[in-house]
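J.: From first to last, the protein sequence lines are chains A and B.
Numbering of the first sequence is given in this note's numbering, commencing with residue 127 and proceeding in unit increments.
Numbering of the second sequence is given in this note's numbering, commencing with residue 57 and proceeding in unit increments.
Worth double-checking, as some hints may not be accurate.
Said to hold, decoys possible - Simulated crosslink set (DSBU-like; lysine-lysine; CA at most 35 Å straight-line):
| hint | chain 1 | residue 1 | chain 2 | residue 2 |
| --- | --- | --- | --- | --- |
| 1 | A | K324 | A | K344 |
| 2 | A | K309 | B | K412 |
| 3 | B | K150 | A | K338 |
| 4 | B | K447 | B | K384 |
| 5 | A | K409 | A | K338 |
| 6 | A | K405 | B | K94 |
| 7 | B | K338 | A | K405 |
| 8 | B | K150 | A | K152 |
| 9 | B | K442 | B | K384 |
| 10 | B | K292 | A | K152 |
| 11 | B | K307 | A | K255 |
| 12 | A | K180 | B | K150 |
| 13 | A | K255 | B | K384 |
| 14 | B | K447 | B | K344 |
| 15 | A | K152 | B | K447 |
| 16 | B | K338 | B | K307 |
| 17 | A | K409 | B | K344 |
| 18 | B | K442 | B | K393 |
| 19 | A | K180 | B | K307 |
| 20 | B | K300 | A | K409 |
| 21 | B | K447 | A | K405 |
| 22 | A | K338 | A | K309 |
| 23 | A | K447 | A | K240 |
| 24 | B | K432 | A | K255 |
The set of hints was computed from the structure by calculation and includes no laboratory data.
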Amino acid sequence: MEYDIVIGLETHVELATQTKVFCGCKNQFGGAPNTHCCEVCTGMPGALPTINEKAVEFTVKAGLATHCTIHNEFYFERKNYFYPDLAKAYQISQLVVPICANGYVEIPTANGTKKVRIHEIHLEEDSGKLIHTPMGSLIDYNRAGVPLVETVTEPDMHSAEEAISYLNTLKSIYKYIGISECKMEQGALRCDVNISLKPKGAKQLGNRTEMKNINSFKAIERAICYEIERQKGLLEQGKPVVQETLRWDDALGQNFPMRSKEDAQDYRYFREPDLLPIKITNKQLSAWKESLPKLPAEKKAEYMQAYALPEYDAGLLSQSKTLSTFFDACVQTYNNPKALSNFILNELNKKRNAELVEDEDAPIAITPAHFAKLVELYQTGEIAQAGARQLLDVLYETDQDPTPLVESMGLKQQNNADELESIVQDIIHQNPNAVADYQGGNKRALAFFVGQVMKATKGKANAGLVNQIITKLLG
Amino acid sequence: MEEILTKSLTEIVEGIKNGTYTSTQVTQACIQQIEKTKEYNTLNHTNFEDALRQANEIDERIAQGNTNGLLLGAPIVVKDNMCTYVLPTTCSSKILENFVAPYEATVVSKLRAEGAVILGKANMDEFAMGSSNETSAYGKVLNPCNTSRVPGGSSGGSAACVCAHQCFGALGTDTGGSIRQPASFCGVVGLKPTYGEVSRRGVVAFASSLDQVGPMAKNVADTALLFDAIRGYDAKDSTSSNHKRTPTAGKFLKTLKGLRIGLVKEIFEQPMNDDVRQALEKAISFYKLSGVEFVDVSIPNIAQAIDMYYILSSAEAASNLARFDGIKYGRRAPEAKTVEDIYTLSRSQGFGDEVKRRIMLGNYVLSSGYFDAYYKKATLCQEVLKQQFAKAFEMCDALITPTSPTVAFPFGSKATPLEMYLSDIYTVPVNIFGGPAISFPCGKGENNMPIGLQLIGNYFEEQTLLQLAEFYEREAK
Numbered sequence: 127m128e129y130d131i132v133i134g135l136e137t138h139v140e141l142a143t144q145t146k147v148f149c150g151c152k153n154q155f156g157g158a159p160n161t162h163c164c165e166v167c168t169g170m171p172g173a174l175p176t177i178n179e180k181a182v183e184f185t186v187k188a189g190l191a192t193h194c195t196i197h198n199e200f201y202f203e204r205k206n207y208f209y210p211d212l213a214k215a216y217q218i219s220q221l222v223v224p225i226c227a228n229g230y231v232e233i234p235t236a237n238g239t240k241k242v243r244i245h246e247i248h249l250e251e252d253s254g255k256l257i258h259t260p261m262g263s264l265i266d267y268n269r270a271g272v273p274l275v276e277t278v279t280e281p282d283m284h285s286a287e288e289a290i291s292y293l294n295t296l297k298s299i300y301k302y303i304g305i306s307e308c309k310m311e312q313g314a315l316r317c318d319v320n321i322s323l324k325p326k327g328a329k330q331l332g333n334r335t336e337m338k339n340i341n342s343f344k345a346i347e348r349a350i351c352y353e354i355e356r357q358k359g360l361l362e363q364g365k366p367v368v369q370e371t372l373r374w375d376d377a378l379g380q381n382f383p384m385r386s387k388e389d390a391q392d393y394r395y396f397r398e399p400d401l402l403p404i405k406i407t408n409k410q411l412s413a414w415k416e417s418l419p420k421l422p423a424e425k426k427a428e429y430m431q432a433y434a435l436p437e438y439d440a441g442l443l444s445q446s447k448t449l450s451t452f453f454d455a456c457v458q459t460y461n462n463p464k465a466l467s468n469f470i471l472n473e474l475n476k477k478r479n480a481e482l483v484e485d486e487d488a489p490i491a492i493t494p495a496h497f498a499k500l501v502e503l504y505q506t507g508e509i510a511q512a513g514a515r516q517l518l519d520v521l522y523e524t525d526q527d528p529t530p531l532v533e534s535m536g537l538k539q540q541n542n543a544d545e546l547e548s549i550v551q552d553i554i555h556q557n558p559n560a561v562a563d564y565q566g567g568n569k570r571a572l573a574f575f576v577g578q579v580m581k582a583t584k585g586k587a588n589a590g591l592v593n594q595i596i597t598k599l600l601g
Numbered sequence: 057m058e059e060i061l062t063k064s065l066t067e068i069v070e071g072i073k074n075g076t077y078t079s080t081q082v083t084q085a086c087i088q089q090i091e092k093t094k095e096y097n098t099l100n101h102t103n104f105e106d107a108l109r110q111a112n113e114i115d116e117r118i119a120q121g122n123t124n125g126l127l128l129g130a131p132i133v134v135k136d137n138m139c140t141y142v143l144p145t146t147c148s149s150k151i152l153e154n155f156v157a158p159y160e161a162t163v164v165s166k167l168r169a170e171g172a173v174i175l176g177k178a179n180m181d182e183f184a185m186g187s188s189n190e191t192s193a194y195g196k197v198l199n200p201c202n203t204s205r206v207p208g209g210s211s212g213g214s215a216a217c218v219c220a221h222q223c224f225g226a227l228g229t230d231t232g233g234s235i236r237q238p239a240s241f242c243g244v245v246g247l248k249p250t251y252g253e254v255s256r257r258g259v260v261a262f263a264s265s266l267d268q269v270g271p272m273a274k275n276v277a278d279t280a281l282l283f284d285a286i287r288g289y290d291a292k293d294s295t296s297s298n299h300k301r302t303p304t305a306g307k308f309l310k311t312l313k314g315l316r317i318g319l320v321k322e323i324f325e326q327p328m329n330d331d332v333r334q335a336l337e338k339a340i341s342f343y344k345l346s347g348v349e350f351v352d353v354s355i356p357n358i359a360q361a362i363d364m365y366y367i368l369s370s371a372e373a374a375s376n377l378a379r380f381d382g383i384k385y386g387r388r389a390p391e392a393k394t395v396e397d398i399y400t401l402s403r404s405q406g407f408g409d410e411v412k413r414r415i416m417l418g419n420y421v422l423s424s425g426y427f428d429a430y431y432k433k434a435t436l437c438q439e440v441l442k443q444q445f446a447k448a449f450e451m452c453d454a455l456i457t458p459t460s461p462t463v464a465f466p467f468g469s470k471a472t473p474l475e476m477y478l479s480d481i482y483t484v485p486v487n488i489f490g491g492p493a494i495s496f497p498c499g500k501g502e503n504n505m506p507i508g509l510q511l512i513g514n515y516f517e518e519q520t521l522l523q524l525a526e527f528y529e530r531e532a533k
């Protein structure tokens, strides 16, 4: 049987505020255990929370960037459950009135752009971290009280590819607006996946499962594919899919039941009496709105329209804030977007590959003006491609103005037609077989001649000119 | 020494200021009195060495000419649910045995900033849940007026130590009457301020939306002085009110003309012992003779406040007390092997019966399937009751009721928890409403036990209550 796959995501993102959400402790990844905490985030008797306004601002910005309605008055609730990493035995969260609701993001898919609706975005506090050692279990409360934004989608995705595309889009937006680093390896971005299957075209949704503990985009993809197949298998055998929470084990490539609907926790939510309802004024809201930078989708459209870049280039350049900021600055000093884009995406990204694996927003080691100059030198024929690559290597090591290097490194392009012609003449004389090939119709022999010229000129010859000369001389 | 102990807080601060006494002398007198009257069991934790060190510091400061501080040199006791350095904070519970807080409650800092000597931590009902001080893990407090009777609760230790002249004032907390009822039973004055008037930071929460810290003292003037010392906006308590406050101490009235007191019709339909009823009627006559105008008002749902209270306060308590799980601090069952064991054994062993009863009740009313019928309904009823109070205060400046339907009762005389809960019928509605109320002595009843009169005010109208009470204290014979 054919099935419709229905996927919804709940994404937790740690906000990059200076301090925690309900106390003044430092919000910083790492640190010696239990050094970034106080009576509030360790749940000492009598301690009271106070709201970090920056966390509210960041959450509102997340909502604005995803076309949500912002509730100008909202409140917090307590979610009650016992766990050793949860200091107060309740998490301050939001249930009834989240800060943001009813938005959407547009994601690229194989069949064009698609809308994924956002059900809500709410603000809550992170828990501490349990560390299991042979000596026993330890708790580090440094993370307790770190502001956490939970973005919940409607069940609008239908494949692992769409889910990953949504996550990339959301991550890119949140990084753009500067509310989170979204570093998944540091747990700053975490995702729970809800999946259900139904017979193709059926109205009624099937029973859904929720998968937790998925720690990378690759793992998410694997976990979704696994779960789709698992549910298909059950349905094919006429067995029901149990509504339950599953734990993904990436090493085994398998999921395991955590708890079923029957054992679902009763969180006994009620309004947090220690915090009064919070109001956002229109003035605050419009100020936050105005301070939002252009988002990836806007940037992409801008690159396509204003600079006539192809969609592929525009998409790549706009996805990372670091890259688009760099590109914008380059265009400021050298107004040749297509040449800049080519050199960034082909040459610069090749150099950054290793760093990008570590951190896709890794800063770029070259000043935009220096980089733009390099592209300009290449574009105006001052240097050849090989020279440009050599220069890039140098600039990447030591950021500097490339102009004087053209002389000192002897990279100036050989543009003198007479000199080049005499070099080409020599090569033609030395290679009668290749000449015969070429004249016999083997056009690849042209590349051979160009290669020989480049070798003779140490890559400094103007490739276009060399081409012309060879074609002319060989008729 | 006798001479020192019978002085009021206002007199003793004046005496220390002008050099009649030193803080050390006064503190020593209190320590001797505490030791002499140990049987009352008023204090869970003391450190006399530290108290004398504090007193000495203040004396040295005075010697250098610095006599600042509303409470200069006066020994004050705080309830054992307020976080203090040095002294443990245990809420009279086994689950917090030996717990010393790593920080100090704002009210305690304020006391010290005003020159008070923190003398000890008062015994109380466990986690402030009780009306007789019988639920304390540190044993019951005896009523100094008659040791076979309860001191009231939950701030029973605070009321009794003021009554027994062990200190010159004490702080209590009031969630449903826990300052006013013991003040009434022990014949002292107690003020529950408006919710938001005094910081709750560092005060171990029972029911966060109802708890308020307040002063207890020998007379109304002392109560006002102590109130002035502890009130104020606290940026670290989000529920703290940020409004302008003017001192209440010393601003008393020569005449009550122009003031209006409301008689709540439904109050007189509630059970009330004859001695209490007579005292109430006498007080009403006194105020009438003093020029106060009386108006009849109605708060139709005042009696249902008890139901709302036990739903709302238990729900919040269940959540607030969940942190006492044996993991981070307090008692951990030594035989626990698993996390599950740590929770269940530590909590089973650490909490007393009354606390367990309320935790179960609270979790029940919050659980899915029952939430709407209980918790949600109670919050809706609370809004209705608030509106009824607001309407009553359009007609008058204060409402008058007894503090309790009876005088202090003998130990063990309340057979069921419900019977105990109903004794708070006059105090509980005030917490649901959120306004201020004062209890002050108005004569003696059965067995020569003190009777307390309660005046309830509109939000942030503590001053009016203090003025009305002080006038009675001064003029009524």
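J.: Work down the list of hints and note, for each, if the structure agrees.
T.: Structure-based check of each hint:
1. K324(A) <-> K344(A): 25 Å, holds
2. K309(A) <-> K412(B): Violated: K309(A) and K412(B) sit about 44 Å apart, past 35 Å.
3. K150(B) <-> K338(A): 38 Å, violated
4. K447(B) <-> K384(B): With Cα atoms ~47 Å apart, K447(B) and K384(B) exceed 35 Å; violated.
5. K409(A) <-> K338(A): 39 Å, violated
6. K405(A) <-> K94(B): Distance of about 52 Å is beyond 35 Å: violated.
7. K338(B) <-> K405(A): Given that 35 Å is the threshold and the Cα spacing comes to 49 Å, the pair is violated.
8. K150(B) <-> K152(A): 34 Å, holds
9. K442(B) <-> K384(B): With a Cα-Cα distance of about 39 Å, the restraint between K442(B) and K384(B) is violated, given a limit of 35 Å.
10. K292(B) <-> K152(A): Holds, because 17 Å separates the two Cα atoms, which is no more than 35 Å.
11. K307(B) <-> K255(A): Distance ~55 Å between K307(B) and K255(A) Cα, so the pair is violated.
12. K180(A) <-> K150(B): 40 Å, violated
13. K255(A) <-> K384(B): 14 Å, holds
14. K447(B) <-> K344(B): With a Cα-Cα distance of about 22 Å, the restraint between K447(B) and K344(B) holds, given a limit of 35 Å.
15. K152(A) <-> K447(B): 47 Å, violated
16. K338(B) <-> K307(B): 25 Å, holds
17. K409(A) <-> K344(B): 53 Å, violated
18. K442(B) <-> K393(B): Roughly 49 Å between the alpha carbons, so the hint for K442(B) and K393(B) is violated.
19. K180(A) <-> K307(B): 43 Å, violated
20. K300(B) <-> K409(A): 26 Å, holds
21. K447(B) <-> K405(A): The hint holds at about 27 Å.
22. K338(A) <-> K309(A): Between K338(A) and K309(A) the Cα gap is close to 18 Å, so the pair holds against 35 Å.
23. K447(A) <-> K240(A): Answer holds: K447(A) to K240(A) is near 22 Å, not above 35 Å.
24. K432(B) <-> K255(A): Answer holds: K432(B) to K255(A) is near 34 Å, not above 35 Å.
Checked against the numbered hints given earlier, the structure breaks hints 2, 3, 4, 5, 6, 7, 9, 11, 12, 15, 17, 18 and 19 and satisfies all the rest.
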